[in-house]
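Chains as they are written, first to last, in our numbering: chain F, 375 to 1106; chain P, 130 to 359; chain H, 136 to 215; chain B, 136 to 215.
In short, the hints are calculated from the structure, not lab data. Mixed in with the good hints, there may be bad ones.
Dumping the calculated DSS-like pairs for lysine-lysine here, alpha-carbon to alpha-carbon at most 25 Å [claimed, not checked]:
id : chain 1 : residue 1 : chain 2 : residue 2
1  : P       : Lys238    : H       : Lys145
2  : F       : Lys511    : P       : Lys238
3  : B       : Lys199    : H       : Lys137
4  : F       : Lys980    : F       : Lys930
5  : H       : Lys137    : F       : Lys582
6  : F       : Lys511    : H       : Lys137
7  : H       : Lys175    : B       : Lys137
8  : F       : Lys511    : B       : Lys137
9  : F       : Lys582    : F       : Lys426
10 : H       : Lys137    : P       : Lys238
11 : F       : Lys427    : F       : Lys563
12 : B       : Lys199    : H       : Lys175
13 : B       : Lys145    : H       : Lys175
14 : H       : Lys175    : B       : Lys175
15 : H       : Lys199    : F       : Lys705
16 : H       : Lys145    : B       : Lys145
17 : P       : Lys238    : B       : Lys175
18 : B       : Lys145    : F       : Lys582
19 : H       : Lys137    : B       : Lys175
20 : B       : Lys175    : H       : Lys145
21 : H       : Lys154    : B       : Lys137
Between beta-carbon pairs, the in silico distance windows are [to be verified]:
id : chain 1 : residue 1 : chain 2 : residue 2 : range
22 : F       : Ala629    : P       : Arg156    : 17 to 27 Å
23 : P       : Ala305    : F       : Gly818    : 39 to 49 Å
24 : F       : Glu1017   : P       : Thr251    : 21 to 31 Å
Computed from a prediction, not measured in an experiment: that's the story for all the values here. Ideal Cβ placement from N, Cα and C applies to all residues, glycine included.
For reference, the chains in residue letters:
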Amino acid sequence: MSITASRPQDLMGLSADEYDTILEILGRAPNVTELGIFSVMWSEHCSYKSSKKWLKTLPTEGPQVIQGPGENAGVVDIGDGQAVIFKIESHNHPSFIEPYQGAATGVGGILRDVFTMGARPVANLNALRFGSPDHPKTRHLVGGVVAGIGGYGNCIGVPTVGGEVNFDPSYNGNILVNAMTVGIASTDKIFYSAAAGVDLPVVYVGSKTGRDGIHGATMASAEFADDSDEKRPTVQVGDPFTEKLLLEACLELMATDAIVAIQDMGAAGLTSSSVEMASKGDVGIELDLDRVPRRESGMTAYEIMLSESQERMLMVLQPGREDEARRIFAKWELDFAVIGTTNASGRLTLIEGGNEEANIPVAPLVAAAPEYDRPWTPAPPCAVVNADEVPAADDLGDALISLVGSPELCSRRWIWEQYDHMVMGDTVVRPGGDAALVRVHGTGKGLAMATDCTPRYVEANPIEGGRQAVAEAWRNVTAVGATPLAVTNNLNFGNPERPEIMGQLVGAVQGIGEACTALDCPVVSGNVSLYNETNGKAILPTPVIGCVGVMSDVAKAVTLDFKAAGDTIFVIGETLGWLGCSLYQRQITGDTTGAPPPVDLASERKNGDLVRHLIADGVLTACHDVSDGGLAVALAEMAMASEIGTDIGATINVSTDIPTHSWLFGEDQGRYVVTTAAPEAVVDAAATAGVAAHAIGVTTVSTLTLPGARPISVAEIRATHEHWLPDYMAAG
Amino acid sequence: MPAAVIVFPGSNCDRDVAVALEAATGRPPAMVWHQESSLPQCDLIVVPGGFSYGDYLRSGAMAAHSPILRTVIDRAHAGTPVLGICNGFQILAEARLLPGVLMRNASLKFVCRDVDLRVERTDTIFTSGYATGQVLRVPIAHHDGNYFTDAETLQRLEDGGQIAFRYCDSDGNVTADANPNGSIANIAGILNAQGNVLGMMPHPERLAEALLGGTDGAAMFGALAEAIAA
Amino acid sequence: MKARIHITLKSGVLDPQGKAIQQALTGLGFDAVEDVRQGKYIEVELSESDAEAARTKVSDMCEKLLANTVIENYDIEIVD
Amino acid sequence: MKARIHITLKSGVLDPQGKAIQQALTGLGFDAVEDVRQGKYIEVELSESDAEAARTKVSDMCEKLLANTVIENYDIEIVD
Ligand SMILES: Nc1ncnc2c1ncn2[C@@H]1O[C@H](COP(=O)(O)OP(=O)(O)O)[C@@H](O)[C@H]1O
Ligand SMILES: [Mg+2]
């Protein structure tokens, strides 16, 4: 084609083929504004071009699902005319460049995704991955990210109730900051982004537009090289106070019927919000850029369209309702401007200073977004490691102490004490347990939530690791007594143009899909973050799962802490002593080789259903799922969580035909440790359900006594567990 | 008579305290927007926690100059009980209804956790539900709770019995280890000289229900409900 | 007209931020540091052409809002 | 030797604090206010007698700790 000859030097991240498609769509060469719009819309971040083919395979339906993936967040029915709305989103690259603001604006962005659908946010979670503790940047990044998450969430007044943290050298140059928000709405007051109807006013509200984060979406789609510090001007600054005003103003306007459609301005700002609204509503939109409220002078159309200034929303209103809406936003001292109208042209038209700055047909801009079937190679299988290949420590108690005091398993209190986890007055189960439990305001029911992923398992076997991430999140929600409803997922991977990375993604998605199907827990929202690499070295594959469940009576919730001496301790589920890929193996041998523990989805489900019934029947006094570090760590965590001053430990008495160290530290899946004052009830229910339930000991006062281990005082375990993170952070 | 809760842009514990007040008094408090210049009939004014105006400049500074605060100040001077919790305490201090200031926590970090408080005075309408020396468990959640005042004012507070609560250990000992934010003399809450204005950093409204982990905060609202019903 | 305002803590007033910065600097190996005090620096752009009038206004702003005169001093410089 | 350090936001970077202060000042009736930017002002006392050496040290402190150079500029003045 002849126009190709004049292809510009800078394709803004688009490939030559993609550029040619643009020429076909427009029938001419794009101007710089148009090219910028195509570039962000077709970036990996906005178009999901590498992952779309695989995401389509995930189960997304169920009787509880009101809205699956495709809107700003997923919507799930929780009965009584109420819905839970939730999603997780990454802010990895910005957080590496400027940890405080990167993490803060990540929280701000996910909050908007949820309240733009009509929900009041009621909880935040955060899944974090940092580099090796001894990497020179790690301490600064941990401090900044945690302060930023707290700074935003605390100010806006939404409790941050859970999350997870891993340290691994693969994240040295590319940390992961995944933020999740959970909100509650009325099922008859859910707002969508389709701008259905013509001649409707298009309204801009919130903060003014500046030159913040231009091309953030394409940055999120590029690999880091060591010069990434140079990519500084794209850093956005969060203003949680303005977000709080925006939240209240939006909810106030949503109580009326003035809104036709609403969409937050996230990645790719005004571009993606206006294009999405037009595309979903099958209409055209004309925007008069002169009316866009601006913070800086001399901004070009390109800059206005691509700015990622925070705390902004785009709405389409019913005609004639502008004044009513304007009054609400004036009360909250926010900018409000009618910047355009919908029309029947099917085109996005931008006018500035009387000139047409862009004119793009919306349907092909969206529909012709590239979709790649990237080549992939499955991960090579890992050998199964037998328990006797991992030596036993001289004293298993010392092994336990070093595990609970390690970066991977130490207490996260230093983090969550910087988060207001109680504001809104409904936090029933606080951080530190399996899932957090937040009461639905004004009712007796609650929402349980947790995020999980074990990246070393995913690396060893992406399919099994994908299953395990779902299973563990589901198990955590189950462990407090809630019924898991649905999940959101954040797929963090390296460069998808490398077949082995693509193979990780394909495998993980397969595993996630299988687990979601088997556990009746469909995927309702998610986010993909690729190109998480530095100088060609990828992060561990990290598909984070956020699970939300419902509990009809929060008073029945069970926590993990041992309550009193004399309770019988059971393990629900089979213990086979799987040490491959375990933290114990790493502690002893220095690495985690071998296949990860397999997830038997049928027994996962049966075991969880039993636990949930036992909790509902009031049989259990404590419950904790077994994950990293196996039974020994789970028991230690239950002991440490008991009330300080009246420490409760346990005496464990078992005879097994597997090596003791593998019994204690094996990471077999699908298990829970529970305590009860009514052991026969547990035995009977387990027999009826066909689930393995073994009595392994009793709770005692102040000491944990495990087979093959010296008795350890609960105080000693707790001190070790609480030490590492504060000491590490203070050492900077 | 009902209570009134002042709502600023950025307040976020307004609903929480309204719930606690309603539970104690049997009726919802009046929620009063910061732009109002007058207060409804009320026998108790609560300035709630949160981040009024984002806590930009200094925590509480901008709220202390909002229209409604002039009326709150007048009412306080006329003897109406005023309770400031967390950001509310910061606002009352900035408005000079209470002496001293709340500076950045000594750790420089936001801190959210349960702390132990020793009740120093029980002859006030806020604390009559407690016993002197009683140890309460109540959460804090703040970035700027480090109470500071000059030596002379501190002496005046001590002599005048204006210190309502101090951070302590679980046995009631006022120790440096029990001080979560660096406050001078472990001060967690103070009264004005007349005893009708209380500012405190801890959140009694957050532990006023067994389901949420404790009820030590409820007695404050119970006592206030009784006092204003009388 | 522009006002440059420095707001500093009065002497004798505890400065947790200054102290923490000092500790951090020492921790980074800057051992020549003897004291650190942190204050605020505010620039106000005014539509006012008379320097004296500007100063009066800005000092009123400081008294009313920008500084907490219980613990802070302020210093105003008018530039244009 | 004393260093006076001004840390200000780079131009174009959103200043939520400045914006909120401006609105508050306007609310208090100061309508001549056109713009407000907030920065930090830090005084560091050094046991160092050479001005140039002091400046080098302080600028190292700014790079390493005092300023967030991703979004902030700093300016150092050595007085004694
Ligand atoms: N970044 C974080 N923010 C808030 N809470 C966290 C964070 N990281 C961990 N937690 C909390 O610490 C507890 C232990 O976390 P984790 O070991 O990941 O739990 P589990 O093994 O059950 O998934 C959980 O309650 C979790 O919510
Ligand atoms: Mg768990």
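Hints, one by one, checked against the model:
1. P:Lys238 to H:Lys145: holds (23 Å)
2. F:Lys511 to P:Lys238: holds (20 Å)
3. B:Lys199 to H:Lys137: Judged against 25 Å, a Cα distance of about 31 Å means the pair is violated.
4. F:Lys980 to F:Lys930: Holds. Lysine 980 of chain F to lysine 930 of chain F sits at ~20 Å (cutoff 25 Å).
5. H:Lys137 to F:Lys582: holds (23 Å)
6. F:Lys511 to H:Lys137: violated (39 Å)
7. H:Lys175 to B:Lys137: Distance of about 17 Å is within 25 Å: holds.
8. F:Lys511 to B:Lys137: violated (30 Å)
9. F:Lys582 to F:Lys426: violated (33 Å)
10. H:Lys137 to P:Lys238: violated (34 Å)
11. F:Lys427 to F:Lys563: Between lysine 427 of chain F and lysine 563 of chain F the Cα gap is close to 32 Å, so the pair fails against 25 Å, i.e. violated.
12. B:Lys199 to H:Lys175: At roughly 20 Å apart (the allowed maximum being 25 Å), lysine 175 of chain H and lysine 199 of chain B satisfy the hint.
13. B:Lys145 to H:Lys175: Satisfied, since the Cα-Cα distance of roughly 16 Å is no more than 25 Å.
14. H:Lys175 to B:Lys175: Measuring from Cα to Cα gives roughly 5 Å; hence the hint holds.
15. H:Lys199 to F:Lys705: holds (24 Å)
16. H:Lys145 to B:Lys145: violated (29 Å)
17. P:Lys238 to B:Lys175: With Cα atoms ~18 Å apart, lysine 238 of chain P and lysine 175 of chain B stay inside 25 Å; holds.
18. B:Lys145 to F:Lys582: Between lysine 145 of chain B and lysine 582 of chain F the Cα gap is close to 17 Å, so the pair holds against 25 Å.
19. H:Lys137 to B:Lys175: holds (17 Å)
20. B:Lys175 to H:Lys145: holds (16 Å)
21. H:Lys154 to B:Lys137: holds (16 Å)
22. F:Ala629 to P:Arg156: 17 to 27 Å: Given range 17 to 27 Å: holds, Cβ gap about 23 Å.
23. P:Ala305 to F:Gly818: 39 to 49 Å: Taking Cβ atoms as reference, alanine 305 of chain P and glycine 818 of chain F lie about 42 Å apart, which means the hint holds.
24. F:Glu1017 to P:Thr251: 21 to 31 Å: holds (27 Å)
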